[in-house]
Amino acid sequence: MNTRMKEIIATVAIVAFFLICKYVLPKPLEFSPLVSNLIIGAMAVVFIIILIRTLQGKYIERRIVFLLVGIALLLPFFMQFDLPLQVSPEVKATYDALESLPPGSKVLASFDYDPPSAPELQPMADAFMQYAFENDLKVIIMGLWPQGPQQANQSIEAAFVANPALREKVEYGVDYVNLGFQAGNEFVIVGMGKGFRSMFPTDMNGTPYDSIPLVKNITNFGNIDFSLNFSAGKPGTVEWVQVGVDRYKLRMAAGNTAVQAPAVYPYLNAGQIVGLMGGMSGAAEFEKITGKTGKATTYLLSQSSAHLVVIGLIIIGNVAFFREKKGGK
Amino acid sequence: MRREIPLVITFVVGVVFVISYFIPHYPFNEFESWFTDWFSIVGAFAIWLGALNLMKISTLKIVKQKKDWPFSALTIVSFLIIVIFGFYGGKGFRDPGTTFDWLYVYVYTALSSTMFALLAFFVASASYRAFRARNFEATLLLVAAFFVMLGRVPVGDMITGFLPLEYQMSHWANWVMNILNTAGQRAIMIGIALGLVSTSLRVILGLERSYLGGD
Amino acid sequence: MDWQIFGVWLAAFMTLGIISFLYKDNVFYKAAEAIFIGISAGYWFIVFFWDSMVGKFYVQAIESPEPEHHVWVGLILGILMLARLSNKVGWIARWPLAFVVGATAGLYMMMFFVSNAMVQVQSTIMPLWETGDGWFTVFNNIVIIIGVTCGLVYFFFSKKHEGAFGVAAKIGIWFLMVTFGASFGYTVMSRMSLMLGRLDFLFGTWLEMIP
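Residue numbers (the working numbering), protein chains in the order written: chain A, 1 to 329; chain B, 1001 to 1215; chain C, 2001 to 2211.
Calculated directly from the structure, the hints in this document are not laboratory data. Careful, some of the hints might be misleading.
Claimed, not checked - Which stretches of chain C does chain A cover? Using the computed rule of at least three CB atoms under 8 Å from a CB of chain A, they are:
| no. | region |
| --- | --- |
| 1 | 2039-2049 |
| 2 | 2089-2095 |
| 3 | 2115-2125 |
| 4 | 2178-2186 |
Bear in mind the structure is a predicted one, so any value in this text is a computation, not a measurement. By construction, the Cβ of each residue, glycine as well, lies at the ideal position given by its N, Cα and C atoms.
When you get a sec, could you build the whole thing from the sequences and use the hints?
Following this line, the structure appears as structure tokens:
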């Protein structure tokens, strides 16, 4: 059978797989504990086979690694395990800072991310938005990334879905406002230090700044009680610390993608930010401490299994490496 | 003329931003405020320049019937579709329920997210093939990675569940991040900051002119 | 026609189109990639038009009861930036570029010096122990001081890394390696999270299989 034929068969098989998933399999799909344990056992066997082959000098093809990662990420969605989750001090500090705010406090939430980072940051934003609305914190939304304000709209909608009473309770312009995006990266923060109005003459729908009850008396950062920044890179937390915190004395916590989080720890240690939520685990911890279980918590089992697969692959690679080295000697 | 004026602009603007940090009063705060406004507007044009350049390159590719030109046509069509709906939507162009928002949720989000998500597979493949404890330094790197990968997800605490709470994996991951990582990141941060200060000074004083290009 | 259902199916095909690259480069991936480039450029084009040009420039310069005339200079600089598209007058785009470079250099110089150098140095020069500190806190303080100092020694290339200086540089490398390891671990976490989001869409939103 030639390659072309194999590819056609593979394509047909993939289409059939998705059609079966869509129209044949039960919805939702849940594995029993027995099936879950069998799958885990099967994965262990696969790893032993990979180890043996690697030790024989036959490195497995990269597409098999891809498939393995895909399976490790997907199957835990259908499993039911209770996982212990401890809230880290930096996430607790974020929560404590929010808890210390009296009702009516003005919180500036900057959404500095785009859809690719949403799996990590959206759960934090969703939990925060619901928490803020329920605790009568006034939220001023903006974005240094063009997509940020739209992601914020999704968080607002998620808060309303999670707690339908909020839809009636919370009023746009009074309890929250979305100022939208402004070009200029960190220069926007500099400009806001002089005056919010100059950087955001209108909100994202074109309503003049002075006609919005929530912000018409807000001149600059001096009128903001707290700030929470959801950041996926530049411009984001680093720029907010450098300008907002160190220059204009803003009090701030941050939610970061896992890629960015390690670089933000020195700011946390120096007290430039009061709290930090890093990646999916940070989001899950925040969901746990606020009691607003969402996507991050449900993703944790898949996240764990993917980490184990990567660790397993590294160990196998290294076992083979040391064996080769020993053989070479 | 072609080089002198840009050098003067760079010097004046750079100096204003530095001085206004120390003297945030008239006239420097006013100038800083103006420059900040201008920067936002120039930033928008820079993005348009990129978008228009993409259109120019794609159009030339179609006209010259270069390899894969139909995909360039697809790029132009996609660009025009979202731009037309964006203009048509007015100031509330991205409100939930608009066509622009529909394109954002079902096309832009799907494509951009998946594009970046592919990295998950490549990072795993690279880990298997290239991540080796060749020497002591590489072993340190590997061990730190293990601590973080296990400690940041519940499975780490499950594995070390027999230990008292404060000795479980998540606490060690916290320690690695808050102490060891902070020390290393801080050293890098200070090093970069000092380098950046000297480079900025060279740019403002006109000693570094590479951004002006040739001629 | 239910546009939401159509949207979900379209998004699923787009997602699978991109994922197909894992097998090899193919026509579905190329099509999805081309659409992504066009849609992204168009998205940015429109958002900058409405938020920066209309929401800021137009309101400040024209619509406001007290127009701010200085923003016209920003507009002129922006238009000069577009000269880059022409080979003949492209050189004039250096003016707005010089403005951007100057502003960035001036602002970054102060931002980085204060936040990333001064504050970080200040936070490292700390009392090793204070009343009430446990032994672990004292140990951590010592580790941070040693780590930052040795890390900086490693970056100091004007003196040969030998003797006591070399030992400090070596310890600095160890700290940097642990830092890179932690960053690698977090990068793995991040990348896996991104894929989880897509799988959640495919098997949850589209195929409705996830509980």
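The hints, checked one at a time:
1. 2039-2049: holds (count 4)
2. 2089-2095: That given contact is violated, which follows from only 0 residues of the region 2089-2095 of chain C lying within Cβ reach (below 8 Å) of chain A.
3. 2115-2125: Three-residue rule met by the region 2115-2125 of chain C, so holds; n is 6.
4. 2178-2186: holds (count 4)
Violated hint: 2 only; the structure is consistent with all others.
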